[in-house]
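Undergrad: Chains as they are written, first to last, in my numbering: chain P, 102 to 267; chain G, 152 to 518; chain E, -4 to 451.
Some clues are possibly wrong.
[To be verified] Derived coverage of chain P by chain G (criterion: at least 3 residues anywhere in the stretch with Cβ under 8 angstroms from a Cβ of chain G; other residues may be distant):
# : region
1 : 132 to 142
2 : 145 to 153
3 : 235 to 248
None of these hints come from the bench; they were simulated from the model.
We treat Cβ as the ideally placed atom computed from N, Cα and C, and that holds for glycine.
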Amino acid sequence: MNIVVNGTNRAVESPPLTPLLHVLREELDVLSPKAGCENGGCGACTVLLDGAPRRSCLTAVGSIGGAAVTTVEGLGTPEDMSAVQRAFVHYCAAQCGFCTPGMILAATAYLERGGSTEVAAISEALAGHVCRCTGYLKIVDAVAAARDGDFDLSTTAESPHTTVLG
Amino acid sequence: MAIHIGRGIASIEYPTGMNQNGDPSQAWIKVKPDGRIDVFSGTSDIGNGAKTIQTQIVADTIGVPYDWVTFDNSNTDSSPVCTGTFASRATFVAGKAVLKAAQRVRERILEVAGLEMEISPEDLEIADGDVLAKGAPTKKLSVGDVAAAATWGHGELITGTGAQLNPYAAISDPTTGEVDGVPHAAISYAACAAEVEVNDETGEVRVTKLTQAYDVGKAINPALVEGQIEGGAIMGLGLGVLEDSYPYYPSAEHRGDDFGSYYNPSSADLPELHNIIIENPSADGPYGAKGIGEMSNNAQPAAIATAVHDAVGVWVTELPITPERVLRALDARAAGSGPRREGKHVIFDEELSINAVGSGKTWTAGP
Amino acid sequence: MKAVGARLPRYDGVGHATGRTVYVDDVRVNGMLHTKALRSPHHHAGIKHLDTSRAERMPGVAAVVTHEDVPLLTYGHLSALGIPADEPLLGAEDVRYKGQPIAVVAAEDADAAQAGVEAVDVEFEERPALFDMRKSFDADAPRIHHWGAVYPHFEGEMNVRQIRKGDIERAFEQAYKIISGVYRPAAIEQMPLETQVGLSVPEPDGRFTIYSCTQALYFSMGVVAAHLQLPLNKFKFVGGTVGGGFGGKVDTATETLCTLLAQKSGRPVKWRWTREEEFLCSSTRAPWHMEIIDAVSADGWILGRKMLTLHDAGAYARFSPYGVTKHSFHHTGAYTIPNLHFDGYVCFTNRVPTSAMRGYGVTSVSFAVETHMSRIAEELGVDPLELRLKNANRIGDTSPNGITYTDPSTVDVLHAIAGATDADLPAPYRDASRDRRAGEWLPEHLVSQLSDSEGH
């Protein structure tokens, strides 16, 4: 069968019930989706299928039909990042980075479907994505600001949650 | 049913570096022929930002722009010993090693520049990638030109090594715990105020706000310090009200084996956070920094437990403070339970004590 | 522009945001084998019989490693700190926790490796297990560790970590109240998003390149070198980019066995733990049991503390004695208490061995001490902020083991919290400082603990 990954038509040899995560990582060398749990629980393997977030570990490759698969490699490059990617850099929203590809894709889909930039709404929308490092606040702030799009990447955003005493 | 609001505080301290010290970190730095800097450090970056922090330290210590510095911690063939990224030591101890290596590189750049400029190195300084004559800043030579002169003219590699090791503080008297030296690299301090809502029908505790103050000595990168404070806050929240590897303790059965059955905090648990960063420089840390990574999840559980007491009047001292534990404590209080009072003794939690559960040891206020 | 103090973006931020950061699981090597482990299904059992010959003949299986293949089976990760070795790399005569590895199989793919594991013939003899550390000292407790119920190798071959300071009996005699409490934080998971993973590649020159998620490259290299009884120049550890650690990746969980399998098969060997293995078989933060008995004055001074700590090490010592020692050094929290009697024990149970996690040794005592402080404040009717400011460490005070505090900031962080929460502190507390004690801040009971010097 053939699937479309980040705009490129790719031939797939794996049987149709193979998890899409396995096809992407082990057959097609698309490495940004991470095998965090392979059980649908962490969100690190999230990809977009025609723009909608899916857990690629629970998605049989044979079930996606002609849907376009997007990973963060397809969202932007280091030289030309998407608004959400730039927001994650500017807000220091990644620490170890392992959950970041899934978070960015979920946030991208959330904003594209018109999601609110209220903190509570973003927190609820991303609640299925586990991050053990950040405490989520910088992720939520990044998503809330991402629609503005234009960030100075030579520095990071001042935090409205912080007071510095001498 | 009613929602009760409660507040509690906690104040903590935490050592930087391995307990008793004795944990070396080393680094070496070389300069490319155009003045760009390569740092080799053995410090793993586990998300804490060691790559960023150590690069910042090197850039400022030598006097070159941040983006002139590349950082390589990728392997043990090129990088020297680092005891590791734990014990809140990556900024203080390992950072001190790269700082010392950078100081050596800076000295050698000044020596070579001195030869080229025919000015004594003591009369030179480095800023923004240029070597300048002190007091006569028009006399300058770029670090790139100095590195080129070293490479092509003097036949020399400009390089420097650095190592940091606080000597091991042995326990000199095991009966008292006395040590023969200082057993930490520094001590950091923090305090936390928690606000909670407790539902007296379901027993659910919701942490609504954490206000936290940390003395980090010097925030080498405030965004990364915030990352530690915020990440630690949510981990401390998990420890306080959610997480348990053995939910039927002491039984070792029925453990959570995936994200559906182990209760870790999600973004939906995110309370309002207020971070306060205090910079009281340490005597020995790089630019006055102290460690912050680990202590950031230590203050919340007690602040939360105290806030729960403030809200509904019960002390839950087994973590996590689950709905079941809150409801059982409320039931017990309704049945009249409380600490046992005898003379000047006030004895809480007797049922949890080794005196109540074990038969081989007792623990009392007696001598 | 100065870099230090600036809010610079992460060095690796763009790599993270674009999915280009390379973690161990992203490394691709030709001819790589995959690993599965035979793990104990029992909490405590003797191994009566172990035969891997059928597994070795399974299709796709390239190598099987058991305890017989390990040059140095039992190596103490902290032997340099005087903690002797007790944990075999692979179970040999017995297994002491559910999930303990007994044999590892490397095969062409994970399914073939799992089939190999299932073809290992093994027979157990179940033994009684112990899970409640409060029963470790009981005469009828099952014997679960060859060292006995508790760790017996603290300095002077003591089985307890002790702190003694001042005159505890006098403090209790002088007390207005004596307040006791018990504090029991649970075991929790480090839970990094990247599970334990390693890849060992045999090189043509006889070296091994080991891709590792360790938090400590040289430490883990030392562990592998010790088990294989080879010098450090036989190994190149590649890592430094870790998908979360929180203490659990100081364990060197996969690297040694991958390398033994690579040595035996002559092929690159990878082992990525499943999430289930990460939850059930990797170390946890320890459960702790702490009992505090404090002698306090009517106006809120802590005169003395008696404290018992039990630390659940799980089945083997790992870093636990280190953790309890660190705990003992900090058992007064951010306060100066002149009279102390502390006993800390490392108890063995049939749990997965506990290990380092963020705040190791001190997270527990911070919870116990601070909750106890809140109770004391409540019991005495003293404001909890004032109670803490009163007893806070100050310059010239001494720690439980006699070290002089040089620049404690407890007063500063409490003032910051008071300000942020609009607490109304009376003047003496508002004006308190870290400065050396004098006047009302130097009651009689704190005089003898003061250091003559300003510290080191």
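Undergrad: Check whether three or more residues of the region 235 to 248 of chain P sit with their beta carbon closer than 8 angstroms to a beta carbon of chain G.
TA: holds (count 7)
Undergrad: Has the region 145 to 153 of chain P got at least three residues whose CB is nearer than 8 angstroms to a CB belonging to chain G?
TA: violated (count 0)
Undergrad: Three or more residues of the region 132 to 142 of chain P near chain G by CB distance under 8 angstroms?
TA: holds (count 3)
Hint 2 from the earlier list is the only one contradicted by this structure; the remaining hints agree with it.
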